[in-house]
Structures are given as C-alpha cells and as structure tokens.
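Residue-level listing of the chains:
2 protein chains.
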Amino acid sequence: MSTMTTTTEKELFIKMVLSNWELQINRMNDLLGKLSDEELSAQTAPGRNTGVYLLGHLAAVSDGMFTFLGLGERLNPEMDEIFLRNADNSGIEKPSINELKDYWNKVNALFAQKIDQLHAEEWFTRHTAVSEADFAKEPHRNKLNIVINRTNHLSYHSGQLAYLAKK
Amino acid sequence: MSTMTTTTEKELFIKMVLSNWELQINRMNDLLGKLSDEELSAQTAPGRNTGVYLLGHLAAVSDGMFTFLGLGERLNPEMDEIFLRNADNSGIEKPSINELKDYWNKVNALFAQKIDQLHAEEWFTRHTAVSEADFAKEPHRNKLNIVINRTNHLSYHSGQLAYLAKK
Numbered sequence: 373m374s375t376m377t378t379t380t381e382k383e384l385f386i387k388m389v390l391s392n393w394e395l396q397i398n399r400m401n402d403l404l405g406k407l408s409d410e411e412l413s414a415q416t417a418p419g420r421n422t423g424v425y426l427l428g429h430l431a432a433v434s435d436g437m438f439t440f441l442g443l444g445e446r447l448n449p450e451m452d453e454i455f456l457r458n459a460d461n462s463g464i465e466k467p468s469i470n471e472l473k474d475y476w477n478k479v480n481a482l483f484a485q486k487i488d489q490l491h492a493e494e495w496f497t498r499h500t501a502v503s504e505a506d507f508a509k510e511p512h513r514n515k516l517n518i519v520i521n522r523t524n525h526l527s528y529h530s531g532q533l534a535y536l537a538k539k
Numbered sequence: 373m374s375t376m377t378t379t380t381e382k383e384l385f386i387k388m389v390l391s392n393w394e395l396q397i398n399r400m401n402d403l404l405g406k407l408s409d410e411e412l413s414a415q416t417a418p419g420r421n422t423g424v425y426l427l428g429h430l431a432a433v434s435d436g437m438f439t440f441l442g443l444g445e446r447l448n449p450e451m452d453e454i455f456l457r458n459a460d461n462s463g464i465e466k467p468s469i470n471e472l473k474d475y476w477n478k479v480n481a482l483f484a485q486k487i488d489q490l491h492a493e494e495w496f497t498r499h500t501a502v503s504e505a506d507f508a509k510e511p512h513r514n515k516l517n518i519v520i521n522r523t524n525h526l527s528y529h530s531g532q533l534a535y536l537a538k539k
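Sequence lines, in order, name chains A and B.
Heads up, the first sequence is in our numbering, so the first residue is 373 and it goes up one at a time.
Heads up, the second sequence is in our numbering, so the first residue is 373 and it goes up one at a time.
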C-alpha cells in the first residue's frame, strides 16, 4: 500500500510537470499556425533573433533532451552547430522553414512517445549532466527537473516569438 | 516510515518547483540591476509593452498568488487595475519606477517568507480558483501547480524584458 501511494504521488508530480510542458508546446504550435513564412523569418525585435532561428533553437534544445534524459538517440545532432553553438547571424546556412517545422514536430512527437514509456521512478533518477556525487547531495537535479527547466526556456523564447504576430 | 518517505518525496518535488521559481526571480533581478530607468521605460519592441508595464504586471501577478494560495492578504490589489485589467497605453497613471521596484521586491520577499512556512502537505491541496468537484477529478490542479504556471509566466515576459538590455 505504501508503495502504491508513493507511485501515485510521483505520477501526480510527473503529470504536473508534463502538462505544463504540453501547454507551452500547444501555445507555441498555435502561434506557429498563425505566422506566415515571411513573419517567421523576421526579427522578433530590431537586431534580435529571427523567428526561424528561435524555432530551430527550441527544436535543437528539445532534441538534446533525449541525451540528457537517457531516452536513446536524438534526431539531428547537427542542428546544434547552427542553432546552439552559433548565433543567428553566423552565416551558416539554415534549413528551410518547412524542414525546421518538420524537425520541430518530429522532435515533439518522439519526445511525447518516449516520455509516455518512462517509468515514474525513472523521472527521479539523475540526468546525465549531473555526476553521481553531486546528485547524492542534490537529488532535485533529476530528469524531471530538466523538463521543468526546458519548459521555462520554451516560455522565455515564446514571449519573444509572440512579437512576430500581428497585434 | 511510509509517511516519512512520502513527505521526503513531496519535499523534494516542492524544492524542484521553488528552486526554478527562485532561479527566474534571480535572473529577473540581475536584469533589473543592469537597466537604467530610461531603458526600463522603453518599449520592449516597437509598439509592445514597456519594461515598466511588464514589471508592474509581473509584480501584480505574483501579488495575486497570495490569494490563490490562501497565504493571507495580498500587498496591493489596486495594482491589478493598472497592470492586469488595463493595457500599457490605458492612460491610467502608473507608479514611479522606484515605487514599482519596491512593490516587486516586497512581493517577492513576502512570498519567499510565506512559502517557507507552508507545510509540504498544503502545497498539494487545491488552489482557490478550482472547485472541490474539479479538484477531485484533477488533483494536479493544486497550489504547487500555480507556482509552476507562474514561473513560466515570469519566463515568458523575462524573454521580452531581455530586449531592453544592450547587446
């Protein structure tokens, strides 16, 4: 009985975190559905990142979660060079908007599928970027915490992407 | 023993959520420390909310959490008229930047103090905006979920406020 109760609580925590993640993904998709390719290609504010760059950046960060969470191979590690290690104006050629949207949708679909298979206990184990020694001292640095952190990262850039929409 | 284990897990999860809240508050304070009053008064992008409006908006939303979480009287309900129910260009006179920063700091300090006193079990009870019937069906709509939601709201506008800083 105590194990059942504990599992239920963990599942509740997981649902809280994942439902907030999904909420932000849905809001982002609503926004993407409203933006023309021209709008998405524009700078979010004068001299700031374009929508295209931020879309690629967010997709690459989500793709990186497969590694952090030990969920198997990620989809496209080469995207990191364009959207994480270099700035928007790097001069490196970016994929087309259709390719980027496809990447974004595939990453999200695979992530939703993988996390659905993850056992509740697994979420509270350490993520791959924290050492065993550090995790023993700081057990909140677990896999679920990565999703909380990445949800906020998504919200941060969603606030900027919102500036591409007509008022 | 099973109760102790359960409490520890709840406390761990609370720490995950609150440490992410504090992280975003600290980042916001770092940004505020860098911005001159002139920069904070500017629009975050052409035709978009000013830094002053977003600071008041974030402070008012945080202030509203006292009510949602049942943490007693909020500090300044009149701010909602200026920063929640009306837009930046409403023409309603706004407090000075010093007054707004003072409001922001006082709300954060009182919030930190109040949540420190909240018992772990309390965080998993329903917030005041969800009915008992709905909460029975959706137990993830608890007080802690409000903080997850508000952390993302803070991140969303922090991404916009970041555009006030020099590159």
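Derived by calculation from the structure, the hints in this document are not laboratory data.
From a predicted model like this one, the values you see are computed outputs, not experimental measurements.
Hints are not guaranteed to be accurate.
No distinction is drawn between identical chains; accordingly, a pair holds when it is met within one copy or between any pair of copies.
[As the list claims (entries may be wrong)] No more than 25 Å apart at the CA atoms, straight line, and that leaves these computed lysine to any residue pairs for SDA-like:
1) K538 x H512
2) K478 x I454
3) K486 x F507
4) K466 x L384
5) K509 x R399
6) K539 x D452
7) K539 x T422
8) K486 x E410
9) K473 x L395
10) K473 x V502
11) K382 x H491
12) K509 x S408
13) K406 x T439
14) K538 x S462
- request: Please flag the earlier hints that this structure goes against, numbers listed from lowest up.
  value: Going through the list in order, the structure violates hints 1, 4, 8, 10, 12, 13 and respects the others.
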